[in-house]
Every structure is written in C-alpha cells, then in structure tokens.
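The task is simple: from the sequences and hints, build the whole structure.
Residue 975 in the numbering used here sits at position 126 of the sequence shown; the count goes up by one each step and never skips.
Hints may contain errors.
Derived BS3-like pairs: lysine-lysine, alpha-carbon spacing no greater than 30 Å straight-line [unchecked claim]:
1. LYS959 to LYS889
2. LYS951 to LYS883
3. LYS951 to LYS889
4. LYS908 to LYS951
5. LYS908 to LYS959
Distance ranges between label pairs, derived from CB positions [said to hold, decoys possible]:
6. ILE981 to ARG906: 21 to 27 Å
7. PRO977 to ARG927: 40 to 46 Å
8. TYR877 to GLY936: 38 to 44 Å
9. THR916 to LYS889: 25 to 31 Å
10. GLY936 to ALA870: 31 to 37 Å
11. LEU996 to ARG895: 26 to 32 Å
12. GLY873 to THR916: 16 to 22 Å
Read the hints as simulated data drawn from the structure, not as lab findings. C-beta atoms are modelled at their ideal positions from N, C-alpha and C, and glycine is treated no differently.
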Amino acid sequence: MYAAETEEAAVAETLLHNVPAEGGVLTYDRYSSKALALLKVTRELRLAILHGIDLRRLKVAPDEVTTSPASTYPDTVRWAEAAHGIGVDGMVWMSRLCNDAKAYVFFGDKCANAFAQDTSHARIFASPADQIWLIDLCAPLHIDVLLQPS
Numbered sequence: 850m851y852a853a854e855t856e857e858a859a860v861a862e863t864l865l866h867n868v869p870a871e872g873g874v875l876t877y878d879r880y881s882s883k884a885l886a887l888l889k890v891t892r893e894l895r896l897a898i899l900h901g902i903d904l905r906r907l908k909v910a911p912d913e914v915t916t917s918p919a920s921t922y923p924d925t926v927r928w929a930e931a932a933h934g935i936g937v938d939g940m941v942w943m944s945r946l947c948n949d950a951k952a953y954v955f956f957g958d959k960c961a962n963a964f965a966q967d968t969s970h971a972r973i974f975a976s977p978a979d980q981i982w983l984i985d986l987c988a989p990l991h992i993d994v995l996l997q998p999s
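Okay, here's the thing in structure tokens:
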C-alpha cells in the first residue's frame, strides 16, 4: 500500500506519477476509480528509511533510489524486495514529486492490520466536489484534469 504525509504528496506519487514536470493531462479513467483516505497507525511500524543521513549510510544518493525517474522503477523494486527481506513493515522516503513531504510503501503481508481508516476525512475523486479539489490542485501545475466523457 502506498501512502504519503500530505494529500498533495499522495496525489503526486500516484495520480501524477507519470505526468511530466512541464505538465500534461490527467484523464478521467486515471483518477475516477481512486479514493484518498486518512489512515491511523494502530501499532508501531518498523520502516526502512530512505532519506536524510540514513540514505547516505546505505552508500547511495537520492538519484539512485528515491528521486530517479519512473523509467527506473524496476530498480526501486529491488530496494523494496531487500527491505522486505530484512523484515521491516515498509519504507519511507521524501517524495520525488512533492519533495517537502514523506512518501511510504507498506508491505501488506507485514502490516495488514496496522491501520484503521479515520472516517473524518476522505476524497472520492469521481465525486464533483473532489474533482474540483483535484482540478484546483493540478491547475497551477499545468495539468488539465479531464472530466467524465459524455
């Protein structure tokens, strides 16, 4: 499961993952089946830390692991496999696309029961109100959010 520290980082790391920095289009099919939920951690989690000084301890630079382009995703999978193999619940890094917030991946077989949904907040991107929120988020990023085709 992927998560992020902020709504903006969550959208950047998922819906906008393959949109170029100069902008582009977010099609209805890309976001209409997605939702954003606020989660509560219900137990202590052990995470592999892939930012700050901890990244340097691994003798790698951010561009080798966490800020690399989407085309190098197979390489990042190997990092996830290694982290999974040492028994951690997931990994945390600074979001490549929203680099003032942390992004996370949690391994389902390690922490399936470690979260509860906080029902005080959610976004259903197919709903009109949350489409407006998404449009407002994406417009300054030069990303056109397309509505449902008629």
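- Message: Assuming the hint says 26 to 32 Å, is it satisfied by the Cβ distance from LEU996 to ARG895 or not?
- Response: 42 Å, violated
- Message: Need the status of pair LYS951, LYS883: alpha-carbon distance at most 30 Å?
- Response: 20 Å, holds
- Query: Given a hinted range of 16 to 22 Å, is it respected by the beta-carbon distance of GLY873 and THR916?
  - Reply: 19 Å, holds
- Message: A range of 31 to 37 Å was offered for this pair. Does it hold for the Cβ distance of GLY936 and ALA870?
- Response: 36 Å, holds
- Agreement of LYS959 and LYS889 with the hint, judged by alpha carbon distance not exceeding 30 Å: 16 Å, holds
- Task: Assess, step by step, whether the Cα of LYS951 is no farther than 30 Å from the Cα of LYS889, and give holds or violated.
- Result: At roughly 16 Å apart (the allowed maximum being 30 Å), LYS889 and LYS951 satisfy the hint.
- Message: Assuming the hint says 38 to 44 Å, is it satisfied by the Cβ distance from TYR877 to GLY936 or not?
- Response: 41 Å, holds
- Message: Run the distance test for LYS908 versus LYS951: straight-line Cα separation, threshold 30 Å.
- Response: 20 Å, holds
- Message: Given the hint of 25 to 31 Å, is the C-beta distance from THR916 to LYS889 inside that range or not?
- Response: 29 Å, holds
- Query: Is it true that the C-beta distance of PRO977 to ARG927 lies inside 40 to 46 Å, as the hint says?
  - Reply: The hint (40 to 46 Å, Cβ to Cβ) holds, given that PRO977 and ARG927 are roughly 41 Å apart.
- Is the Cα-Cα distance between LYS908 and LYS959 30 Å or less? With a Cα-Cα distance of about 26 Å, the restraint between LYS908 and LYS959 holds, given a limit of 30 Å.
- Does the Cβ pair ILE981, ARG906 satisfy 21 to 27 Å? Cβ of ILE981 to Cβ of ARG906: about 44 Å, so the range 21 to 27 Å is violated.
Checked against the numbered hints given earlier, this structure breaks hints 6, 11; the rest are met.
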